[in-house]
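Chemist: Sequence:
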Amino acid sequence: MLTPEHYQHVFQQAQSARSPHFTIIARNNSLSHPRLGLAVPKKQIKTAVARNRFKRLSRESFRLKQHELPHKDFVVIAKKSAQELSNEEIMKLFDKLWLRLSRPSRG
96 MLTPEHYQHV
106 FQQAQSARSP
116 HFTIIARNNS
126 LSHPRLGLAV
136 PKKQIKTAVA
146 RNRFKRLSRE
156 SFRLKQHELP
166 HKDFVVIAKK
176 SAQELSNEEI
186 MKLFDKLWLR
196 LSRPSRG
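Quick note on numbering: this note's numbering labels position 104 of the sequence shown as 199, and the sequence is numbered without any gaps.
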């Protein structure tokens, strides 16, 4: 996702999947593919190296799962504790949250 308007659209009436380390929010889009947006604030993850690592892992997880995901816009929001996890732990958490967001919504 490229513009602030795209992010605003997702934040309105979004479905979310949370973990103690990060949150993924999602909203249907009118495209034929899912899209990813990242929100990794300096206030939460202080160093650029740690922020970039988290973003890199987020993109890779999305790339591997995008063919199984519904046509939605997803925004990943990092929390402070995300930087303390290993790469494997982050990827496992992403798999769990992608699965949760892939299920049909009940509302």
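Since the hints were derived computationally from the structure, they do not count as laboratory data.
Please note: incorrect hints may appear among the correct ones.
[Claimed, not checked] Here are the simulated SDA-like cross-link-like pairs (lysine to any residue), alpha carbons at most 20 Å apart as the crow flies:
| id | residue 1 | residue 2 |
| --- | --- | --- |
| 1 | K175 | P136 |
| 2 | K174 | K187 |
| 3 | K187 | S127 |
| 4 | K174 | F106 |
| 5 | K160 | P136 |
| 6 | K191 | S127 |
| 7 | K174 | P115 |
| 8 | K191 | L164 |
| 9 | K160 | K175 |
| 10 | K160 | T98 |
| 11 | K175 | R158 |
| 12 | K150 | S127 |
| 13 | K160 | S111 |
[As the list claims (entries may be wrong)] Quick list of simulated restraints, FRET-style, between CB atoms:
| id | residue 1 | residue 2 | range |
| --- | --- | --- | --- |
| 14 | S111 | K150 | 29 to 37 Å |
| 15 | L194 | H128 | 26 to 34 Å |
| 16 | H166 | F106 | 26 to 34 Å |
| 17 | R113 | P199 | 28 to 36 Å |
| 18 | R154 | N123 | 30 to 38 Å |
Even for Gly, the Cβ is constructed at its ideal location relative to N, Cα and C.
Chemist: State for each hint whether it applies.
Modeler: Now for the hints, and whether the structure bears them out:
Note on K175 and P136: the hinted pairing holds, with a Cα-Cα distance of about 9 Å set against a maximum of 20 Å. As the CA atoms of K174 and K187 are separated by approximately 16 Å, the hinted pair is consistent with the 20 Å bound. With a CA separation close to 26 Å, the supplied pair K187 and S127 exceeds the 20 Å bound. With a CA separation close to 17 Å, the supplied pair K174 and F106 stays within the 20 Å bound.
For the suggested pair K160 and P136, the alpha carbons sit about 24 Å apart, so the restraint of at most 20 Å is broken. Between K191 and S127 the CA atoms are separated by roughly 23 Å; this puts the pair beyond 20 Å, and the hint is violated. Of the pairs offered as hints, the one joining K174 and P115 holds, with about 8 Å between alpha carbons and a cut-off of 20 Å not exceeded. A C-alpha spacing of about 12 Å is found between K191 and L164, which places the hinted pair at or below 20 Å, so the restraint holds.
Taking the CA atoms of K160 and K175, the gap is near 24 Å; set against the 20 Å cutoff, the hint is violated. For the proposed pair K160 and T98, the alpha carbon gap of about 23 Å is over 20 Å, so the pair is violated. At most 20 Å may separate the alpha-carbon atoms for a hinted pair to count; K175 and R158 exceed this at roughly 24 Å. Taking the CA atoms of K150 and S127, the gap is about 24 Å. The hint is violated against a cut of 20 Å.
Under the criterion of a C-alpha separation no larger than 20 Å, the hint pairing K160 with S111 is consistent with the structure, at around 17 Å. Roughly 19 Å separates the CB atoms of S111 and K150, a value that falls outside the hinted 29 to 37 Å. Checked against the hint of 26 to 34 Å, the pair L194 and H128 fails, with Cβ atoms roughly 19 Å apart. Between H166 and F106, the C-beta spacing of about 18 Å breaks the proposed range 26 to 34 Å.
Remark: the range hint 28 to 36 Å for R113 to P199 is contradicted by a beta-carbon distance near 19 Å. At about 21 Å, the CB distance of R154 to N123 disagrees with the hint of 30 to 38 Å.
Hint violations for this structure: numbers 3, 5, 6, 9, 10, 11, 12, 14, 15, 16, 17 and 18, all remaining hints satisfied.
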